[in-house]
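Participant: Line by line, the protein sequences are chains R and E.
Position one of the first sequence corresponds to residue 1 (our numbering), numbered consecutively onward.
Position one of the second sequence corresponds to residue 1 (our numbering), numbered consecutively onward.
Take these hints with a grain of salt, some might be off.
Below, a list of computed lysine-lysine pairs in the DSS-like style, where the Cα atoms sit at most 30 Å apart [unchecked claim]:
id, chain 1, residue 1, chain 2, residue 2
1, R, K116, E, K168
2, E, K196, R, K62
3, R, K126, E, K42
4, E, K42, E, K196
5, E, K84, E, K107
6, E, K42, R, K58
7, E, K197, R, K201
8, R, K62, E, K153
9, R, K201, E, K42
10, E, K168, R, K58
11, E, K29, R, K201
12, R, K116, E, K153
13, E, K85, E, K165
14, R, K58, E, K84
Selected chain E positions facing chain R (Cβ under 8 Å, derived; list incomplete) [unchecked claim]:
id, residue
15, N5
16, Q8
17, P69
18, S131
19, M150
20, Y207
21, A244
22, V256
Using C-beta positions, here's what the derived DEER-type ranges look like [as the list claims (entries may be wrong)]:
id, chain 1, residue 1, chain 2, residue 2, range
23, R, V61, E, K153, 17 to 23 Å
24, E, G32, R, L12, 21 to 27 Å
25, E, A112, R, L164, 48 to 54 Å
26, R, L145, E, P154, 27 to 33 Å
27, R, W98, E, R163, 51 to 57 Å
Hints are computed from structural coordinates only; laboratory data are not their basis.
In this text, a Cβ means the ideal position worked out from N, Cα and C, and glycines have one as well.
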Amino acid sequence: MSAQTGLWLGGLVTLMAWSYLYKENPFFRVAEHIYVGGAMAYGVFNTYYQVILPTWQKDMVKDGNWSYLIPIVIGLLIYTRYGGRGWNWLARWTMAFWVGYGAGYELAYSPAVFMKQVTDTFRPIKGINDVLYFLIVAASLFYFLFTVKKEGPLPKGVAMFGRLSMMVAFGAAFGSITMAYLSLIIGRLQYLLKDVVHLVK
Amino acid sequence: MDSWNKMQRIDPRLIYLLILLAMVIPMFKPMGLPVAVSPETKTVFEAIDSLPSNAVIFISHDTGPGNAPELDPMIAALARQAFKKNIKLVVMSLWEMGAQFADDQIKPIAAAMGKTYGVDYVNLGYKIGGSMTIRTMVNDLSKGAAGVDMDNKPLDSFPLMQRVKSLKDVDLLFVTTVGSPGYSDWMTYAAEPLKKKLTGGASLTMYSGLQQYIRSGQLTGYLGGMRGAAEYERLVGAPGKGLAGMDSQSLGHILVILLIILGNIGYFRSLRATGPAGGK
């Protein structure tokens, strides 16, 4: 398949996917299935040829590192859940190993990142930004202090300030997401108009 | 029903059409709206500019096809800046298609600038495993990459990989990110333990969520979406798809703001006419 045919095919599938904006239709369904199937096949192919096969060939067969068989067996135990009542409990071993190792791993490395965030909150107040930062952090934390009743003008005011600050943050995040989605439309339009039909330079 | 009430019931397809027009028109008639460079983008540019010749940047292009339009232009601009300074690139992705996207960006630029694969850059391809792969690469890059590049060629056959044996041997980490695995894995398992500088770019869907890491210095600046890519292209002096999309982006924003204002005016006017509970 030539490069230009590939580009036309990509353009056609894009238009089929966008047809959903008009209404649900079979072209959209076909595009959706092509995408899911293609992405899955691409992932399986690359995982096999770029990771599993070379690891098997080099680390296990060539270097004789057969200890890899232990995690392979633990991983394969997940499929015993299809083996009926006598066997399906073995699938829990895979999950237990995964969760235990994952949690321990995360707890070993995460504090270094997290603590830096905590210590960075305590900054010398040098300008208006630092004053705002301090007030917003304190008020937002106070908003989530559920053991204290927010009665009286001061606690109510502080909690309200915290809530408004968070709403500003959510608004900024939402604006940022809108900008991202517009960027994605632009990317596809550049592909269609520039790469596929060459109407735009 | 007055015209303001009708504004509450606009057919969404009309809005899609208006947005499409706002995006397409500037592509045919560029307006050249100004693009100011943010301090975060300047920090990214300077972090790369301060590297010596022959330094190594490790790129992880952790994206899928959905967000490639935002992040691909960053890789292209980075390749231009790096190759201009004779900086070497080692590329990979923790997402299935990211490595191919990075290759599509870097290969033509390398060819145009006379750079050789294996000497000036290597693409390790897609590597599954997320944080486990990163931790393995901290001590043994070849082992983490299963010993091969994206075309299944042995890594020890490339001159560049003779001097890059682990992540300890790289000078800067450049990670593009749209989710997990992404910048947070690279920060937790590589940048923090090795005390390496981590920079890159993120989709705007998550850019606001990583501001605190830029502020704390855990991220050395960061590019925010297509806008960040456009700013970076401007600093590198190589206009690409990022800058080309900025007029469309600006017009799209103006349209969205107008629609929000119109929608709100319509809402409050209809409220005044019918009362808070719709007149009931």
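Participant: Would you list, in rising numerical order, the hints stated earlier that this structure does not obey?
Facilitator: 2, 6, 7, 12, 14, 15, 16, 24, 26, 27
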